[in-house]
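Visitor: These are the residues of each chain, in order.
Number of protein chains: 2
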Amino acid sequence: MNPTTSFPKAIHDADTPYLALDPGRLDRNIQRLKTRVEGFGVTFRPHMKTAKAVDVARRLFGANETGPITVSTLAEAEYFADYGFRDILYAVGITAKKLDRVIALRRRGVDVCILLDSPEQAEAVAAASHQSGDRIPALIEIDCDGHRAGLPPDGSQLLDVGRVLNAHAVLRGVMLHAGESYYCRSGAELVAAADNEQKKAAQAAETLRLVGLPCPVVSVGSTPTAHFARDLSGVTELRAGVFMFFDLVMAGIGVCKLQDLALSVVTTVIGHRPEKGWIIVDAGWMAMSRDRGTANQTVDQGYGLVASIEGTVFDDLVMVSTNQEHGILAMRSGATRSLPDLPVGIRLRIYPNHACATSAQFDRYHIISDDADTITAVWPRMRGW
Amino acid sequence: MNPTTSFPKAIHDADTPYLALDPGRLDRNIQRLKTRVEGFGVTFRPHMKTAKAVDVARRLFGANETGPITVSTLAEAEYFADYGFRDILYAVGITAKKLDRVIALRRRGVDVCILLDSPEQAEAVAAASHQSGDRIPALIEIDCDGHRAGLPPDGSQLLDVGRVLNAHAVLRGVMLHAGESYYCRSGAELVAAADNEQKKAAQAAETLRLVGLPCPVVSVGSTPTAHFARDLSGVTELRAGVFMFFDLVMAGIGVCKLQDLALSVVTTVIGHRPEKGWIIVDAGWMAMSRDRGTANQTVDQGYGLVASIEGTVFDDLVMVSTNQEHGILAMRSGATRSLPDLPVGIRLRIYPNHACATSAQFDRYHIISDDADTITAVWPRMRGW
Numbered sequence: 000m001n002p003t004t005s006f007p008k009a010i011h012d013a014d015t016p017y018l019a020l021d022p023g024r025l026d027r028n029i030q031r032l033k034t035r036v037e038g039f040g041v042t043f044r045p046h047m048k049t050a051k052a053v054d055v056a057r058r059l060f061g062a063n064e065t066g067p068i069t070v071s072t073l074a075e076a077e078y079f080a081d082y083g084f085r086d087i088l089y090a091v092g093i094t095a096k097k098l099d100r101v102i103a104l105r106r107r108g109v110d111v112c113i114l115l116d117s118p119e120q121a122e123a124v125a126a127a128s129h130q131s132g133d134r135i136p137a138l139i140e141i142d143c144d145g146h147r148a149g150l151p152p153d154g155s156q157l158l159d160v161g162r163v164l165n166a167h168a169v170l171r172g173v174m175l176h177a178g179e180s181y182y183c184r185s186g187a188e189l190v191a192a193a194d195n196e197q198k199k200a201a202q203a204a205e206t207l208r209l210v211g212l213p214c215p216v217v218s219v220g221s222t223p224t225a226h227f228a229r230d231l232s233g234v235t236e237l238r239a240g241v242f243m244f245f246d247l248v249m250a251g252i253g254v255c256k257l258q259d260l261a262l263s264v265v266t267t268v269i270g271h272r273p274e275k276g277w278i279i280v281d282a283g284w285m286a287m288s289r290d291r292g293t294a295n296q297t298v299d300q301g302y303g304l305v306a307s308i309e310g311t312v313f314d315d316l317v318m319v320s321t322n323q324e325h326g327i328l329a330m331r332s333g334a335t336r337s338l339p340d341l342p343v344g345i346r347l348r349i350y351p352n353h354a355c356a357t358s359a360q361f362d363r364y365h366i367i368s369d370d371a372d373t374i375t376a377v378w379p380r381m382r383g384w
Numbered sequence: 000m001n002p003t004t005s006f007p008k009a010i011h012d013a014d015t016p017y018l019a020l021d022p023g024r025l026d027r028n029i030q031r032l033k034t035r036v037e038g039f040g041v042t043f044r045p046h047m048k049t050a051k052a053v054d055v056a057r058r059l060f061g062a063n064e065t066g067p068i069t070v071s072t073l074a075e076a077e078y079f080a081d082y083g084f085r086d087i088l089y090a091v092g093i094t095a096k097k098l099d100r101v102i103a104l105r106r107r108g109v110d111v112c113i114l115l116d117s118p119e120q121a122e123a124v125a126a127a128s129h130q131s132g133d134r135i136p137a138l139i140e141i142d143c144d145g146h147r148a149g150l151p152p153d154g155s156q157l158l159d160v161g162r163v164l165n166a167h168a169v170l171r172g173v174m175l176h177a178g179e180s181y182y183c184r185s186g187a188e189l190v191a192a193a194d195n196e197q198k199k200a201a202q203a204a205e206t207l208r209l210v211g212l213p214c215p216v217v218s219v220g221s222t223p224t225a226h227f228a229r230d231l232s233g234v235t236e237l238r239a240g241v242f243m244f245f246d247l248v249m250a251g252i253g254v255c256k257l258q259d260l261a262l263s264v265v266t267t268v269i270g271h272r273p274e275k276g277w278i279i280v281d282a283g284w285m286a287m288s289r290d291r292g293t294a295n296q297t298v299d300q301g302y303g304l305v306a307s308i309e310g311t312v313f314d315d316l317v318m319v320s321t322n323q324e325h326g327i328l329a330m331r332s333g334a335t336r337s338l339p340d341l342p343v344g345i346r347l348r349i350y351p352n353h354a355c356a357t358s359a360q361f362d363r364y365h366i367i368s369d370d371a372d373t374i375t376a377v378w379p380r381m382r383g384w
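Those protein sequences? They're chains A and B, same order as listed.
When the first sequence is numbered by numbering that gives the first Met the number 0, its final residue is 384 and no position is left out of the sequence of numbers.
When the second sequence is numbered by numbering that gives the first Met the number 0, its final residue is 384 and no position is left out of the sequence of numbers.
Here chain A stands alone, though its shape is the one from the complex:
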């Protein structure tokens, strides 16, 4: 998009591809999870890794409010600190080299809490706490489902790490992420994943407290488990990120409906290959990302599901392949409908597999009006580490 253009402008005037965000759906998605979290009486600490934009954070907390947030990079922490956020969990395992930036943020009055799961990391945090005179708070990552990092909730490793933090830094508690919930295939599986996350969280906190170690924070979260949890006993805070926008992966596992998808890529038809059943558009993997998160779901949506510019889905029309700046649309394998007539120059929306990955391909959101007629504003995104 030419950066000199101004807004509001017609949805048909901005150069394609661009990233469209429907603020009505965004607000509805936010309210849905906030209502759940309020019902549980826990702290809501939304993960800003999906949105990476202060304007989205303002929809979460109110235009002049800040709140507790989770971030995935120190650059995100610094960005949100610049906008007044003062309670930030950096939820990726820390490295010793990064502690200088953590301490610099803390000296600005930002309560940055870090994450770790090894004695080596705890020793580095202890050393940096001594050297800086600032006891750095940390959560210990607990593994609940074998998805990624984390210690068992019941073993001596947890106590070893906890004791180092408690003696030399601040042991603030434990954090779990039910990453395997993204692969659930039924509501019952999602409920079970949420139950498991809550139980392991409570167990980890109990392990620490039994030997007299503190555990004020018990943090859980993933968008699927956040929406299917029945009981959060022992949990003090909940994190989630993709819930704000939702995407085809979330729709595929039943966490949302297609009409909840707030994010799409607007693209223009640039050609046809009728003998192949292809429509070619000017959004390729550079716009959609290479994410194929629905590839192993019941319904494979290719690189995205195609809709009219107004947002009405063309059943079974998907982006079947991509080059850097070309997307190829075709009816999905086995579809009985025929290819719709979409002439050169017409604009379409593509709903993405994975909101985090697709939005990362863009520097800004184009905010579209309810009637899909006007771009009312542009919201910048941050990136990098």
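Calculated from the structure, these hints are not laboratory results.
A couple of the hints might just be wrong.
If several chains are the same, the list does not tell them apart, and a pair holds so long as it fits within one copy or across any two.
[Unchecked claim] Think about it this way: if two alpha-carbon atoms lie no more than 30 Å apart in a straight line, the pair counts; the simulated DSS-like pairs of lysine-lysine are:
(1) K256 with K96
(2) K8 with K96
(3) K275 with K198
(4) K198 with K8
(5) K96 with K198
(6) K198 with K33
(7) K275 with K96
(8) K33 with K96
(9) K33 with K275
(10) K256 with K198
(11) K256 with K33
Small disclaimer: the values here were computed from a predicted structure and weren't measured.
Mind docking chain B on chain A? Use the hints.
Guide: Relative to the frame of chain A, chain B by itself:
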């Protein structure tokens, strides 16, 4: 990376993940293809979609020179025009809405040539040429292998489009891209793909010339066919992009060796899951991209092949899966070696599947010294549309 840091600095000091570029390998890769192109006596029009950085263009043409380039977005054209480039092919099918920006660039003295393959696009270019008083030059895209867009090299459609351009704009010639060459599995297949691209190019030019239409430019190109072409009779210019950096996909089809890979992501070990055979690092898909281009090759490299910080490959150690900011390293399925001992805090290089996709995840290149000791400079990248 903290933007306030200055260079040169030690390779161990920049915050991870960062994108490392080896300038010696870059120069060698450039020289290799330039020597081939000079041997053919055709114009070299490198594709800047991979590098998106003027500092890389300067390695191609010389510090104070510009040359003919190919770009994948109008933002790229505008960026390189700002650095003095005056001969630019925008090689993605045009839309009517984008012609304003093309005309604006042309008014700045930039010879922007566009691409199209339909009567609708040609009519839009004709109308814009009349309205602006500037006959816009265009190439007609020809399909040589069923990969993507383009018209057959021998049909009436080509003539129909050519006549509209010749009457109302400028018919500059034809362009082909042997995109299917990325899926070749032997040198013989690559030679055949290059031969086919050359033959279809010559045929398309002949189709136009036989009816008296001009075809001064006959443009072919893809990194695989550029390196395996034996004969470019009838061709006037060659395009390629990923050849500058190379990547695991190119190594997998035999266009380069692992020691030619100029681009890698530097990451830090942040944890271990010994019971799973996992090493966890701080580069996930946000750093590597979601590209899985080697998934269907003979050797699947996961999300990337792991090397020491100095660049020595750990045989069979690959990034088997990713989360947004976490990468999981493990020995590839069937490997007989055991997992190397890589403690928390150690830095590694990950060679990516696809240089275009991985570099797009970063805002800058970190230029590393030959001895992999120092970051000597940072080169910014552009992005967006």
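Visitor: Does each hint fit the structure? Answer for all of them.
Guide: Consistency of the hints with the structure:
1. K256 with K96: neither (43 Å within a copy, 33 Å between copies)
2. K8 with K96: between (46 Å within a copy, 14 Å between copies)
3. K275 with K198: between (52 Å within a copy, 23 Å between copies)
4. K198 with K8: neither (51 Å within a copy, 47 Å between copies)
5. K96 with K198: neither (34 Å within a copy, 56 Å between copies)
6. K198 with K33: Only inside one copy: K198 and K33 sit 22 Å apart there, 62 Å across copies, limit 30 Å.
7. K275 with K96: between (53 Å within a copy, 27 Å between copies)
8. K33 with K96: neither (36 Å within a copy, 41 Å between copies)
9. K33 with K275: Answer is neither: 47 Å inside a copy and 36 Å across each miss the 30 Å cutoff.
10. K256 with K198: within (28 Å within a copy, 50 Å between copies)
11. K256 with K33: So K256 and K33 pass the 30 Å test inside one copy only (18 Å; across, 53 Å).
In summary, the numbered hints that this structure violates are 1, 4, 5, 8 and 9.
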